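Residue numbers (this note's numbering), protein chains in the order written: chain F, 1 to 238; chain C, 1 to 238.
FYI, nobody ran anything at the bench for these hints, they're computed from the structure. Please note that the accuracy of each hint is not assured.
When the alpha-carbon atoms are kept at most 27 Å apart in a straight line, the in silico DSS-like pairs for lysine-lysine are as follows [stated by the list, open to error]:
1. K156/F with K141/C
2. K156/C with K156/F
3. K49/F with K141/F
Since this is a predicted model, take the numbers as computed values, not measurements.
Number of protein chains: 2
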Amino acid sequence: MTAQAPIRIYELAGADPEVRFSPHCWKARMALAHKGLEAEGIPWRFTEKAEIAFSGQGLVPVMVDRGDVVFDSWRIAEYLEAHYPERPSLFGGEMGRAMSRFINGWADTTVMPAIARIIVLDIHDRVHEKDRDYFRASREKRFGMALEEVVADREKRLADLCQALTPLRHMLQHQPFICGDAPAYADYCAFGMFMWIRCISPVEALEPSDAVHAWRERLLDAFGGFARRARTTGPRGN
Amino acid sequence: MTAQAPIRIYELAGADPEVRFSPHCWKARMALAHKGLEAEGIPWRFTEKAEIAFSGQGLVPVMVDRGDVVFDSWRIAEYLEAHYPERPSLFGGEMGRAMSRFINGWADTTVMPAIARIIVLDIHDRVHEKDRDYFRASREKRFGMALEEVVADREKRLADLCQALTPLRHMLQHQPFICGDAPAYADYCAFGMFMWIRCISPVEALEPSDAVHAWRERLLDAFGGFARRARTTGPRGN
Numbered sequence: 001m002t003a004q005a006p007i008r009i010y011e012l013a014g015a016d017p018e019v020r021f022s023p024h025c026w027k028a029r030m031a032l033a034h035k036g037l038e039a040e041g042i043p044w045r046f047t048e049k050a051e052i053a054f055s056g057q058g059l060v061p062v063m064v065d066r067g068d069v070v071f072d073s074w075r076i077a078e079y080l081e082a083h084y085p086e087r088p089s090l091f092g093g094e095m096g097r098a099m100s101r102f103i104n105g106w107a108d109t110t111v112m113p114a115i116a117r118i119i120v121l122d123i124h125d126r127v128h129e130k131d132r133d134y135f136r137a138s139r140e141k142r143f144g145m146a147l148e149e150v151v152a153d154r155e156k157r158l159a160d161l162c163q164a165l166t167p168l169r170h171m172l173q174h175q176p177f178i179c180g181d182a183p184a185y186a187d188y189c190a191f192g193m194f195m196w197i198r199c200i201s202p203v204e205a206l207e208p209s210d211a212v213h214a215w216r217e218r219l220l221d222a223f224g225g226f227a228r229r230a231r232t233t234g235p236r237g238n
Numbered sequence: 001m002t003a004q005a006p007i008r009i010y011e012l013a014g015a016d017p018e019v020r021f022s023p024h025c026w027k028a029r030m031a032l033a034h035k036g037l038e039a040e041g042i043p044w045r046f047t048e049k050a051e052i053a054f055s056g057q058g059l060v061p062v063m064v065d066r067g068d069v070v071f072d073s074w075r076i077a078e079y080l081e082a083h084y085p086e087r088p089s090l091f092g093g094e095m096g097r098a099m100s101r102f103i104n105g106w107a108d109t110t111v112m113p114a115i116a117r118i119i120v121l122d123i124h125d126r127v128h129e130k131d132r133d134y135f136r137a138s139r140e141k142r143f144g145m146a147l148e149e150v151v152a153d154r155e156k157r158l159a160d161l162c163q164a165l166t167p168l169r170h171m172l173q174h175q176p177f178i179c180g181d182a183p184a185y186a187d188y189c190a191f192g193m194f195m196w197i198r199c200i201s202p203v204e205a206l207e208p209s210d211a212v213h214a215w216r217e218r219l220l221d222a223f224g225g226f227a228r229r230a231r232t233t234g235p236r237g238n
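Please put together the full structure from these sequences, using the hints given.
This is the structure:
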């Protein structure tokens, strides 16, 4: 293995720059870890559009690898699979790549909205002060109500999340990971959602008796505890 | 290719024995078609437990291939992949097999219950007369209410199904099938649910403008229109 020029990845950060909480950035970080690639994470805030303008758009993750600029977590995974084919596969072939895309969409359209309704006020309270007005305005427009109203009925929101996780829980009756005996990209797509909660919110969304809890523990332990070591927020940021 | 002894598969049938409506049997029929295997479908009714007692359990599909007896649609797919490895793959490898299991569970736990709440009374009206008491009693116990109550608010039930299909619709923005450029087992897991509706109910659950509708059309056309030729029920069975 030749020495690699360090990969850089711009990641959404909280008021505490070491808190990196974006679920999509976590998908990319786990994909890099799966490939055994070191990467330097660069903290980035919602309103720092100029810092990633070189990517031609305004969202993270943005990865820079030996002069290649890649944005969007899905495109980053495809890039890593194509450029590091000799390292462990993220998808397990073309059909697996396609199914991973479906499962990524399942996580984004089913699990992510359920979690957002639990933690959106926690996020607001823990992003950098300069991001707060932008965050509140954009999210209140999306939800059509005040953030305080979105999260008001936490028990109901937790029950909705529990329900949204049914397919994951069902699968865990048969195998330890979405991708089989070992995790791969489809697992990271779902796991990123739980790193979102873990890093930015004091909420524990899973019962210890839930099979999804044990799956999450296995992923926190993966790659020598890479995700478990991530900085999590205190009870209140800033 | 050597001549095959005919594969036999016991399939749930309606009052009209040519109406074969079980979503799980359709997963198995599409898996057989994918492998290019001819199979003789044998009509079976809910209460005909004795006819499949040789399988050691009481549910269909049950497949008999050259003396091997295999029940459960997932086990049939695994059997076909293992015993006919030279034919087109259902899973695309081990990781794909694992992801297919997740997607099968998504269809069973998310799409199937949403459809059941639309068509359960249609099923009751179209199963064989000898099955009706069993069907009503077992399903009313499951739902905790009369079948007529389950299906009372059809507009709401159709909206719930539309919502449950969000991950499929999202994926279809990027690729024509769950398994990529061509369908495979994960597609059949979801498609079986739509054959369930098509064969036993007069309801049209999808808007023509829905991307899921176009995906379903592509699967109806697959294998020379194999699924499209299936007998569908009239407005009222028996």
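For each hint, the structure was consulted:
1. For the given pair, K156/F sits about 26 Å from K141/C by alpha-carbon distance, which is consistent with the 27 Å threshold.
2. For the proposed pair K156/C and K156/F, the alpha carbon gap of about 20 Å is at most 27 Å, so the pair holds.
3. Annotation: proposed proximity of K49/F to K141/F holds, straight-line Cα distance about 20 Å (limit 27 Å).
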